[in-house]
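Asks: If you're matching them up, the sequences are chains A and B in order. The first sequence lines up with residues 1 to 276 when you count with our numbering. The second sequence lines up with residues 277 to 605 when you count with our numbering.
Any given hint could be a false lead.
Derived Cβ-Cβ restraints for the label pairs, each shown as a range [unchecked claim]:
1. A/Ala151 with B/Gly296: 48 to 56 Å
2. B/Asp309 with A/Ala68: 51 to 59 Å
3. B/Met451 with A/Ala68: 31 to 39 Å
4. A/Ala241 with B/Gly501: 54 to 62 Å
According to the in silico footprint, chain A covers these stretches of chain B (three or more CB under 8 Å from chain A) [as the list claims (entries may be wrong)]:
5. 323-336
6. 376-390
7. 434-446
Non-contacting residues of chain B with respect to chain A, defined by C-beta distances greater than 12 Å in every case (computed) [claimed, not checked]:
8. Leu283
9. Ala284
10. Ile420
11. Gly482
12. Asp488
13. Pro505
14. Arg508
15. Ser549
16. Val573
17. Ala590
What the hints contain is simulated information worked out from the structure, not anything from laboratory work. These numbers come from a predicted model, not from an experiment. In this text, a Cβ means the ideal position worked out from N, Cα and C, and glycines have one as well.
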Amino acid sequence: MRLPAACLLLALAAPAAAPASTPAVTPPARVVSMNLCTDQLAMLLAAPGQLVSVSWLAQDPRSSAMAAEAATYPANRGLAEEVFLRRPDLVLAGTFTARASVGMLRRLGVPVLELPPALSFADARAQIAEVGAALGREAAAAALLARFDAALAAVPPPPATRPTAAIVGESGFAAGPESLSGAVLEAAGFANLLGPMGYETAARLPLEALVMGRPDLLVLPEPWPGWSQAEEFLRHPALAATGAELVLPDRNWVCPTLALFDNLDALVAVRQTLAR
Amino acid sequence: MIPRPLLAALALLVGLLFLGSLLVGPAAVGPLDSLRALLLGGDGPLPLVMREVRLPRAILGLLVGASLGLGGAALQGYLRNPLAEPGLIGVGPSAALGAVVALQTGFALDFSLGLPAAALAGAGVAVALLLLLAGPRGSSMTLILAGIALSALAGALTSLVLNLSPNPFAATEIMFWLMGSLADRSFAHVWVAAPFVAAGAWAMLGLGRGLDALTLGEDAAASLGIALPRLRLRLVLGVAAAVGASTAVAGSVGFVGLVVPHLLRPLVGARPSALLPASALGGAAMVLAADIAVRLVLPGRGLQLGVLTALVGAPLFLHLIFRTRREFR
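Isolated chain A, as found in the complex (with noise of 0.2 Å):
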């Protein structure tokens, strides 16, 4: 596992080393930020002043690895109108947010980075890179990328035989291998309950095939405030038969952050304790 990712590594480093050696390009002073993972990469990265909005959901406790530092940034709510008005030279964007305001800001001339959501380790350390480019902050980017690294190589070796998880979120959805949490759960030693299902980024699992499927663990998320039947199908007494359960806070490892890492020790430590 380890060896492909150096050599994505090599790859990504070229492209992203290439705008530091033409200082030519003036850094964005003014950057609004409208997506969760990119308010969180900015955050990281930006220099002092640099960053002059989030979006409203990285203040949210629940859905932000950063909400108390988000909460020193005015917050925006994703809308064309209050973005252009701050007047922004860089906007970060998600490819899945707000599709119709990034829209008009393009058209409005205002330059916009929109980022797919990371589903690698890979992907991760490739988006840091390019938030840092884009910011003109490379260095921060870097040191960033070398805690990334360090917390990487610190995670001890999978067992020779890796008991089976799962991630399961409300009303079954479950991660595939093929996405940052799945990675996570790889990275801890797990093997993929959906992997051999022939599922890529995630799946609506029956409950009757998550029973099936014996795994040894359940990732399960924190529960919401209030009252749903999504949040009762983990609830099953079937699920909770079936085997140990973790409850994990999805704010870590929605985003390509350090915040992965509190995940993956969680699961490392379980790992560990679940005798095989």
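Could you slot chain B onto chain A? The hints should help.
Replies: Below, chain B alone, put in the same frame as chain A:
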């Protein structure tokens, strides 16, 4: 007086569909292995699937269907109107509103009986209101108009409560509450619903003599010694308990209480006392069949029960309106 061959045939049908419900599911396992795992247990996950996933689902199909069939037959017998159907005239949606309020406020989690009690209250208010509005003869026009208003109001308030919920998934579940589903239910839901369904069914099955007498008119029924206020109270409580508890665990499934009594009425000689038990069995058969169909037609797509029952029931409802219109002209 009760047509035993018909009831036996219906019971056999329900038995077969119950078995079918146990054998249909995404985990493709042979029927013999499935039944062995269900009855004898054994190693592996299959007994868990059979006993904790499929068995409660089949039992709930039985309970929900019997409640709805019986509720429809009882309401139609009392109002002497074939259009009185618990889901259509707002009893189911009002029960769903009660359940949703109880779940979102946490009332349902504070008391073990909070959920069915709230659904019962919702259904009870709706039945009482409808009887009050439609009057003793249950004129079609008032009944249907009052029912439409009540359904719309209960549906809108259910949506509002779910939209106001702090839970991001709640608002996406409006369809479950207004259409109904038995997917992924557990024995916890069976224990919540079963006592109320049993009590409601007992109350409604006991209405037979009174409803038979009522076919002759209120005065004749009173002269036969039927106490109408007591009959009415028993009807309201019976329908509210059975339909309320069913809706609390499976959402509001429409048209079962319309289709089943309509199909069975000619077979029992239009006598309400015979129609009641036949409709209970017929309702169970219809819901079990619909629940098998949602798993076979579009597996894994979360098709709601009420979609299928409406596809069958709505054309019939229009046909009935057309016929009643001609009768009243």
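Asks: All hints are to be evaluated individually against the structure, with a verdict given for each.
Replies: Going down the list of hints, with the structure as the test:
At roughly 53 Å, the beta carbons of A/Ala151 and B/Gly296 sit within the given window of 48 to 56 Å. B/Asp309 and A/Ala68 have their C-beta atoms about 54 Å apart, which keeps the hinted 51 to 59 Å range intact. A C-beta distance of roughly 37 Å is found between B/Met451 and A/Ala68, which places it inside the suggested range of 31 to 39 Å. A C-beta distance of roughly 55 Å is found between A/Ala241 and B/Gly501, which places it inside the suggested range of 54 to 62 Å.
Figure legend: the region 323-336 of chain B, annotated as covered by chain A; annotation consistent (5 residues with Cβ-Cβ distances under 8 Å, at least 3 required). Counting residues of the region 376-390 of chain B whose beta-carbon sits less than 8 Å from any beta-carbon of chain A gives 5, enough to reach three: the coverage restraint holds. Here's how the region 434-446 of chain B fares: 6 of its residues keep a CB closer than 8 Å to some CB of chain A, so the rule of at least three is met and the hint holds. With 12 Å as the threshold on Cβ separation, the claim that B/Leu283 sits away from chain A holds: the shortest Cβ distance comes to roughly 34 Å.
A cut-off of 12 Å between C-beta atoms confirms that B/Ala284 is not in contact with chain A; the least separation is 33 Å. Consistency note on B/Ile420: stated as away from chain A, and its beta-carbon is indeed over 12 Å from all of that chain's, at 30 Å minimum. Residue placement check: B/Gly482 keeps its beta carbon more than 12 Å from all beta carbons of chain A (closest about 34 Å). With a closest Cβ-Cβ approach of about 41 Å to chain A, B/Asp488 is found to remain outside the 12 Å limit, as its non-interface label requires.
Non-interface status of B/Pro505 relative to chain A is upheld: no Cβ of that chain comes within 12 Å, the nearest being about 38 Å off. Distance check on B/Arg508: its Cβ is at least 34 Å (rounded) from any Cβ of chain A, clearing the 12 Å threshold; non-interface status holds. Annotated as non-interface, B/Ser549 keeps its C-beta farther than 12 Å from every C-beta of chain A; the closest such distance is 38 Å. Annotated as non-interface, B/Val573 keeps its C-beta farther than 12 Å from every C-beta of chain A; the closest such distance is 15 Å.
For B/Ala590, the non-interface assignment is confirmed: its Cβ lies about 25 Å from the closest Cβ of chain A, beyond the 12 Å cut-off.
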